[in-house]
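Trainee: The lines below spell out each chain.
Protein chains: 2
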Amino acid sequence: MAITLSSASLPIFRTGLANLDHCLAKAEANAAARKFDPNVLVTVRLAPDMLPFAAQIRIACDAAKLAVARISGIEAPKFEDNETTFAELRARIAKTQEWLATVPADKLDGREEIDITFPVGRDKTRTLKGEAYLKHWALPNFFFHMTTAYALLRHNGVDLGKSDYLLGAQAGN
Amino acid sequence: MAITLSSASLPIFRTGLANLDHCLAKAEANAAARKFDPNVLVTVRLAPDMLPFAAQIRIACDAAKLAVARISGIEAPKFEDNETTFAELRARIAKTQEWLATVPADKLDGREEIDITFPVGRDKTRTLKGEAYLKHWALPNFFFHMTTAYALLRHNGVDLGKSDYLLGAQAGN
Numbered sequence: 418m419a420i421t422l423s424s425a426s427l428p429i430f431r432t433g434l435a436n437l438d439h440c441l442a443k444a445e446a447n448a449a450a451r452k453f454d455p456n457v458l459v460t461v462r463l464a465p466d467m468l469p470f471a472a473q474i475r476i477a478c479d480a481a482k483l484a485v486a487r488i489s490g491i492e493a494p495k496f497e498d499n500e501t502t503f504a505e506l507r508a509r510i511a512k513t514q515e516w517l518a519t520v521p522a523d524k525l526d527g528r529e530e531i532d533i534t535f536p537v538g539r540d541k542t543r544t545l546k547g548e549a550y551l552k553h554w555a556l557p558n559f560f561f562h563m564t565t566a567y568a569l570l571r572h573n574g575v576d577l578g579k580s581d582y583l584l585g586a587q588a589g590n
Numbered sequence: 418m419a420i421t422l423s424s425a426s427l428p429i430f431r432t433g434l435a436n437l438d439h440c441l442a443k444a445e446a447n448a449a450a451r452k453f454d455p456n457v458l459v460t461v462r463l464a465p466d467m468l469p470f471a472a473q474i475r476i477a478c479d480a481a482k483l484a485v486a487r488i489s490g491i492e493a494p495k496f497e498d499n500e501t502t503f504a505e506l507r508a509r510i511a512k513t514q515e516w517l518a519t520v521p522a523d524k525l526d527g528r529e530e531i532d533i534t535f536p537v538g539r540d541k542t543r544t545l546k547g548e549a550y551l552k553h554w555a556l557p558n559f560f561f562h563m564t565t566a567y568a569l570l571r572h573n574g575v576d577l578g579k580s581d582y583l584l585g586a587q588a589g590n
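Here the protein sequences line up with chains W and X, keeping their order.
Counting from 418, one number per residue, gives the positions in the first sequence under the working numbering.
Counting from 418, one number per residue, gives the positions in the second sequence under the working numbering.
Derived by calculation from the structure, the hints in this document are not laboratory data.
Errors might be hidden in some of the hints.
Treat identical chains as interchangeable: a pair holds within one or across any two.
[As the list claims (entries may be wrong)] Keeping only pairs whose Cα atoms sit at most 30 Å apart, straight-line, the calculated DSSO-like set for lysine-lysine is:
1) K443 - K524
2) K443 - K546
3) K541 - K512
4) K546 - K524
5) K443 - K541
6) K452 - K512
7) K524 - K452
For clarity, every value in this text was computed on a predicted model and none was experimentally measured.
Only chain W is shown next, with the shape it has when bound in the complex:
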């Protein structure tokens, strides 16, 4: 069976977001065990000029959502960027998952050659064909924010391993 734009995007984003949610659940449990409020992690950064944890989660969600919206041409719901707690960040992931589940695969397929113009930084745009956009922008961008979120949790002592990122609840550790 040939790989399609839908099979190379939807399952990767949905699995990634499920695994990200699993990492957040482990962080909440770890905070309870170490007796601190998990919400102190919402604002942590790896460098003063990097975005905080909450933004990494929001952008991971939006990277998936906007990639699917741009390739399919289906308008995605806009979520306010106002989460301040783990519960709210996990709800953001859940809302993103719910929307992704409504997108029919055939709305993505066959759109390899469409032009997709997307913002890069504050005042520039870039245009790539559908397939190149998925492979060279949307997927690397999604994993960038997923991994940065993971790195922030690990840097703050949360007991995660790479299998939590790769396998989520199937990690079994």
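With chain W's structure known, arrange chain X on it following the hints.
Mentor: What follows is chain X alone, placed relative to chain W:
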């Protein structure tokens, strides 16, 4: 044109490794400007029980190399994990790129349904079909180590932005 196993792997890995090399070059220039030896970055970690920078680069290279080797059935060269300098780490990236360039695309295509068994941690293995292996293991794993390397440089004050990770030398900043 349909997406294939080769078009969904080789260009992503080659672009990613080129962008990673670009980030290392910027780190070397930044170390020179800040007047420290870039090789002190080779051993930095985000947490005491995470792998150091050198290992992130090695595993990013091997994630690409082994994914292509396992899908194609072509044996990949084995590199010793003995790099202690930026020059050696950049040579590791270059050697990986050289080998990837020798792999014919048609050796990867059509292998969506083959069983691929690969090590997970020290004493376990996992088996996935070729397509699932690429989408749910090889690509997320590759970007995990690329991003962790980036995060280590940023955490140590190197002047990188996400466009260096996504666009490499085309980032223009």
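Trainee: So, for every hint listed, does it hold in this structure?
Mentor: Do the hints match the structure? See the list:
1. K443 - K524: neither (35 Å within a copy, 40 Å between copies)
2. K443 - K546: between (38 Å within a copy, 29 Å between copies)
3. K541 - K512: Classified as within: same-chain Cα gap 29 Å, cross-chain 35 Å, threshold 30 Å.
4. K546 - K524: Both ways: K546 and K524 sit 16 Å apart in one copy and 25 Å across, limit 30 Å.
5. K443 - K541: between (38 Å within a copy, 22 Å between copies)
6. K452 - K512: Intra 29 Å, inter 47 Å, cutoff 30 Å: intra-copy only.
7. K524 - K452: So K524 and K452 fail the 30 Å test inside a copy (47 Å) and across (53 Å) alike.
Consistency note: the structure conflicts with the earlier hints numbered 1 and 7.
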